[in-house]
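**Student:** My request is simple: use the sequences and hints to build the entire structure.
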Amino acid sequence: MPIEVNGKSYETDEEGYLVNLAEWDEDIGKALAEGENIEMTPQHWEVVNFLRDYYNEFQIAPAVRVLTKSIGKKLGPEKGNSQYLYELFPYGPAKQACKIAGLPKPTGCI
Amino acid sequence: MAAAPITAPPIKPYPVIPILEAGAMAGTKSFPANAQIQEALGFPGELVEDWHDKAIDKMGELLGKYRSLKVYLDACVHCGACTDKCHYFLGTGDPKNMPVARQDLLRKVYRRHFTWSGKLFPKLVGAEDLTKDVLDDWYSYFNQCSECRRCSVFCPYGIDTAEITMAAREIMDSIGLGTKYTNEIIGKVHKVGNNLGLPGPALEDTLSSLEEDLKEETGLDIRIPLNEKGAEVLLITPSADFFAEPHVYSLMGYAKVFHAAGIPWTLSTYASEAANFGMFIGNYGQMQKIATRVREAVLDLGAKRLVVGECGHAWRAAYSFWNTLIGPFDFLDPNYPVPQHICELTYDLIQRGAIAFDKSANDKYVVTFHDSCNVARGSRMGGMPGGQFEIPRAIVRAVANKFVEMYPDSIREKTFCCGGGGGILTDDLMEVRVKGALPRMEALQAVVDSDGVNFMATICAICKAQFSKVLPYYKFNMSMVGGVHQLVGNAIRLGPK
Chain A
10 MPIEVNGKSY ETDEEGYLVN LAEWDEDIGK ALAEGENIEM TPQHWEVVNF LRDYYNEFQI
70 APAVRVLTKS IGKKLGPEKG NSQYLYELFP YGPAKQACKI AGLPKPTGCI
Chain B
79 MAAAPITAPP IKPYPVIPIL EAGAMAGTKS FPANAQIQEA LGFPGELVED WHDKAIDKMG
139 ELLGKYRSLK VYLDACVHCG ACTDKCHYFL GTGDPKNMPV ARQDLLRKVY RRHFTWSGKL
199 FPKLVGAEDL TKDVLDDWYS YFNQCSECRR CSVFCPYGID TAEITMAARE IMDSIGLGTK
259 YTNEIIGKVH KVGNNLGLPG PALEDTLSSL EEDLKEETGL DIRIPLNEKG AEVLLITPSA
319 DFFAEPHVYS LMGYAKVFHA AGIPWTLSTY ASEAANFGMF IGNYGQMQKI ATRVREAVLD
379 LGAKRLVVGE CGHAWRAAYS FWNTLIGPFD FLDPNYPVPQ HICELTYDLI QRGAIAFDKS
439 ANDKYVVTFH DSCNVARGSR MGGMPGGQFE IPRAIVRAVA NKFVEMYPDS IREKTFCCGG
499 GGGILTDDLM EVRVKGALPR MEALQAVVDS DGVNFMATIC AICKAQFSKV LPYYKFNMSM
559 VGGVHQLVGN AIRLGPK
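Just so you know, the protein sequences line up as chains A and B, in that order. Heads up: the first sequence begins at 10 in our numbering, then just goes up one per residue. Heads up: the second sequence begins at 79 in our numbering, then just goes up one per residue.
In case anyone wonders, no lab produced these hints; they're calculated from the structure. There may be inaccurate statements among the hints.
[What the hints assert, rightly or not] Below, computed lysine-lysine pairings styled on DSS-like, alpha-carbon distance capped at 27 angstroms: (1) A:K114 - B:K269; (2) B:K293 - A:K114; (3) A:K114 - B:K367; (4) A:K88 - B:K367; (5) A:K82 - B:K293; (6) A:K78 - B:K293; (7) B:K293 - A:K88; (8) A:K78 - B:K442; (9) B:K210 - B:K136; (10) B:K210 - A:K114; (11) B:K553 - A:K88; (12) B:K293 - A:K83.
Everything numeric in this text was worked out from a predicted model, so none of it was measured.
**Tutor:** As structure tokens, this is what we get:
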């Protein structure tokens, strides 16, 4: 089921994850966030951008603890925990933030 | 998610058999695997044209190979003892989620093609043809079974529905009908070495970040070694332990145990997964291919002991199947169990006084223990009957002051599945997962109310992920669930003795 952004259509999989990672831009991120009922704030973008950077380097999203540590360093230690991330992304930082960042869904027993 | 919200069934003070809701879950289907995922495992990419004949042929092949399957399909007398024992039936009320009804989906086709009475008088013996509707039912309901085997405990003949579900999934895969969740993951293990698809450099980065965290927490250089040749122990653990919470706390707990006991250990990139989803889809070849990575890694690294981390079905695969799949292990140290569960290792160290604890570190918790089905009903620990129940509990008691049991019919060999096992732990089956968790949530609620339980310890990555997700649907805090070695890690005494 494709999503429409700025008059262009982008392919997503059956769970709404972007199929072609290279197509992602901020507008697509916003559209994907809208589908999740999330209004993107600078804090949301901080997480999404970190996920994309990490993915570019390692071809996978970061482990939750790696993510919380990095966010804690950037936004302050009181925000370096998964509770804060769940406030931003209620369905879970790993899956929901990955979707908005245009990354594939992490799989496994998580 | 955009889908309609899922409502958890109300928690009742005692278990009640639900009012039947025929067809309630018929439309709840796991996403099918696409051609790319299927073909990577050697399965047809889509439903083959002659699917009916192929399915019957496959059933015949499995009946010839597994005598258990034939016995289970023949032996049922429809006594009804199993009907109210399945958590998915109790949570959904759908009669096809009764174990006997689930079995009958396969049994009726078996009777039609493999018994003389079913061939001659199908209507008299409940024999039916494999129609497209029946196949649809197979896909729905054999993917709403977590292969937890609770029903088999209550069956007077010991019929194991899990074996029937596995056979059904194997037949479906062989005609091109697999599920995305299980089969995509199996493909990742073959390609990358773990369920997550976590490549070597990312694993290395993650582990060194965790070592930093351990240093910060304890002031000590507690290592999480990777690919270290000559280490005594190779630890095979679910990749979720690297990636997710609360799993990662158990990984840090294992590291502290090895550190405190002075046992050189290592993880392997090549075999960075304990899980074996080949078991969930009933495919011996896939199961063996996944397990072979473990044999290759232990030989390559020259480890003398094989230890398995907190993963329920991995322990069943390791304890019950590794020897035939990838054995013999005559090159490993015979003074230790082969393989050894991390709980056996920790328990042994406690018995010998090699590690000690400050139990007050867990005083904020009133702990209960959730037995994971594949450990409880598919394996053993400690070489004694019931060791798989006693050893994890003994560890919890050694590291925490307050421990409370849930009601007897919900623990040990009668434990209720978390609702996410057996290949069900996927977002597209969230309704099945939430409703299937009901019996465990009711048992938990009772000890929360009576004893103030605020921590449910378990030794399975699936249980941890499933509970983290479904606890909030029942108004519990998601951080109420965690690993036994999370508690161990909190209380263990480190540093110079």
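**Student:** Of all the hints numbered above, which does this structure not satisfy? Sort the numbers upward.
**Tutor:** Violated hints: 2, 4, 10; rest satisfied.
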